[in-house]
Amino acid sequence: MSDAPRPVSHWFWGGFFAVLILGLVLAGLAGLRAGSHWLEDRLGRAGLPVPVRAAVKVTLAGGEALYLDPGQLAQLRAELQRDLAVQGEALAQRVREASTHAVATAFAPAYDRVPDFADWYYSLAGEYGRLWHALAGGVADYLAGRLEALVIEPSGLAQRLDELPAELSGLASEQTRALAAAFEGRLLERLRALASEPQPVRVEVSGEWDVAGVAAEVGQAVALGPADFARQAAATSAGAATGAVLAKKLGAATVAKTGAKLAGSAAKVGLKSAAKMGVGAGSAASGAAAGAAFCTATVAGAPLAPACALLGGVATGVATWVLVDEAVLATDEYFNRAQFEEALRHSLAESQAELADAFAEQQLRVMDGVIDRLASGLDALVRPVPAPPKDFVPVQAAGGR
Amino acid sequence: MKGGATSRVVRMLAIAASLIAWQLFADVASCPLAIGLLVLLALAIGTAGLESAVLRRHAFTAQYLAPEGRLFRLLRPGVLMLLRQGVAAVLLAAVLVLNALTLEAWQRALLLGDALLMAALLGAFARLLAGEARVAYVAPLARRWAVRVNALCVWGALLIGLLYTPQASLAALRWEEVISLAAGQVHVACADLALLARPATVASALMLWGAQNLFADFGDALQTLLAWLLFLAAFGASFLFAWAYSLALVGTVSAPWQTWREREAQAQ
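Protein sequences appear in the order of chains W and D. Last residue of the first sequence? That's 402 in the working numbering, and every number before it is there in order. Last residue of the second sequence? That's 935 in the working numbering, and every number before it is there in order.
These are computed hints drawn from the structure, not numbers from a lab. A hint or two may mislead.
Said to hold, decoys possible - According to the in silico footprint, chain W covers these stretches of chain D (three or more CB under 8 Å from chain W):
no.: 1; stretch: 745–759
no.: 2; stretch: 764–772
no.: 3; stretch: 832–841
Quick reminder that beta carbons are idealized off the backbone N, C-alpha and C, glycines included.
Construct the entire structure; sequences and hints are all you get.
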């Protein structure tokens with residue numbers, strides 16, 4: 002091997018050869034691309050079928066075959082998925098409205114029962130019941146129980162809440178089936194529109210899509226049984242409970258929401274109790290003196306004068322206590338009842354809205370699953386052409402071993 | 668011979684590895700990458716082809732042509748030779764790249780093993796020709812003969828392997844289905860190369876389908892002959908593949924400029 006420097010001309014020719022190779026490769030590929038476009042353009046203008054690089058064979062109902070190139074198919078999928086998303090939003094809105102309406106109808110009688118609860122609240126029985134439970138603990142539970150007994154149960158709300166999930170599920174299921182049917186209709190409509198365009202030369206088919214199978218896919222996707230809704234119900238507070246349990250929760254929730262007002266009332270109860278204690282102590286002492294005077298005024302009563310005086314005093318004290326308490330309650334009712342009822346209705350309305358949302362969420366979870374299955378199903382629908390078995394051994398086929 | 672033995676083996680193994688990598692990643696390889704590989708292989712093949720062409724041209728112009736003739740003046744600069752070799756190299760590189768897409772595991776192993784065989788052949792021919800040829804031409808002649816022998820070895824191995832390897836049973840399919848199937852098996856991310864690969868794969872599958880149908884229904888000698896011809900045509904590309912691969916391997920160790928310089932020195 003010589004150490005002499007290589008003449009420049011050899012480097013020049015080497016570089017020339019490299020550039021030549023690169024130029025030939027690029028020119029070849031450019032020519033190939035241009036030829037392909039030219040051919041497609043010419044065939045298209047002549048109204049002849051346009052060859053495509055790859056096609057998916059789509060079999061329409063009735064066996065009619067349609068060939069789509071992957072770009073068209075991807076575009077179709079994207080269009081349908083966008084459409085499905087829009088339809089899904091509209092469906093969700095309809096379900097929310099239906100849930101709001103159904104829950105509002107169920108709650109309507111409960112609002113009419115609010116005055117009954119206020120009547121109890123501003124009664125002596127109610128007052129002493131609250132006092133007793135305030136001392137024993139659990140006044141909130143007691144109030145929730147009374148709300149349930151006076152408002153929720155008589156209005157038939159528990160029973161209506163029991164019926165609501167099935168009613169809403171039926172509605173959601175019907176709406177979902179309608180959405181799926183509309184989806185299938187749009188898919189077939191778009192495919193028929195594509196079938197009316199010039200079809201490509203039937204070469205290079207890379208996948209198959211039997212549209213007759215779409216109906217089955219859609220049917221499977223929307224086959225919602227009670228179990229589907231039950232599963233989703235378990236995930237939401239509204240659906241997991243029976244109407245009775247829900248009504249009890251609702252009572253507690255309403256009481257909690259009316260908490261400020263009730264707390265105010267409780268404070269007033271405390272103040273009133275203190276006033277009554279003072280009044281009661283004074284009236285007991287004066288009652289005892291009056292009793293003693295009455296007992297000593299009679300000959301027969303003289304030996305029992307102390308006991309007589311005590312009994313009379315207590316009775317008079319209690320009567321005075323009750324009279325004062327009733328007067329205070331009446332005054333409180335006169336000034337605050339309207340506000341109290343309004344607060345209670347407001348709390349019921351809040352609970353109603355939460356319940357409507359929870360029911361809607363329960364339905365939407367199931368429907369979202371269906372829409373996802375439809376959307377993702379579009380991708381899974383195209384199946385590659387099945388490969389034949391690899392069992393042809395040329396030597397064996399020719400009779401040799 | 669250019670470079671040490673290890674260096675030669677590494678360079679040739681790199682060609683085999685790049686083809687295997689291309690097959691494994693063709694479905695994700697971008698066009699610049701794919702075209703880069705095509706150019707690289709074409710350069711290797713072109714370098715090997717150019718070396719042989721320089722030898723032939725040297726003999727032709729020095730011994731057969733009159734220096735004052737027009738043909739001599741036309742051929743002497745070497746532009747036509749470069750063009751011809753460039754075109755041939757690009758076509759053979761395309762054969763290599765397209766056929767590499769359908770390599771099976773045993774064929775990949777064959778490519779790697781053949782790089783070692785080629786290194787051995789180069790050494791053996793260099794020793795054989797050491798006392799027979801002029802020193803300046805020993806290495807180019809050894810490379811030229813190594814390409815021929817290696818191409819035959821690879822082709823033979825490929826044919827034997829193909830004869831005994833189970834192929835897809837296409838006889839039961841309609842020809843449209845064979846086209847669908849073959850076209851669907853091409854997964855090349857670069858659309859331009861896919862445009863080349865699909866017709867090649869489809870043509871090969873159709874020939875195999877024809878051969879299988881004829882094999883399934885031997886009627887007479889003519890039919891049998893036709894079946895074998897179709898079958899060989901289906902595998903005919905394997906010879907081009909073997910030839911192109913051998914040239915690509917040798918191209919990594921070729922030095923046509925040395926032969927060129929020798930010719931220039933003799934001309935002066």
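Here is how each hint holds up against the structure:
Here's how the stretch 745–759 of chain D fares: 8 of its residues keep a CB closer than 8 Å to some CB of chain W, so the rule of at least three is met and the hint holds. Coverage of the stretch 764–772 of chain D by chain W is violated [criterion: at least 3 residues with CB-CB distance below 8 Å; count 0]. Evaluation of the coverage hint for the stretch 832–841 of chain D: fulfilled, as 9 residues show C-beta separations to chain W shorter than 8 Å, against a requirement of three.
Of the numbered hints listed earlier, the single one contradicted by the structure is hint 2.
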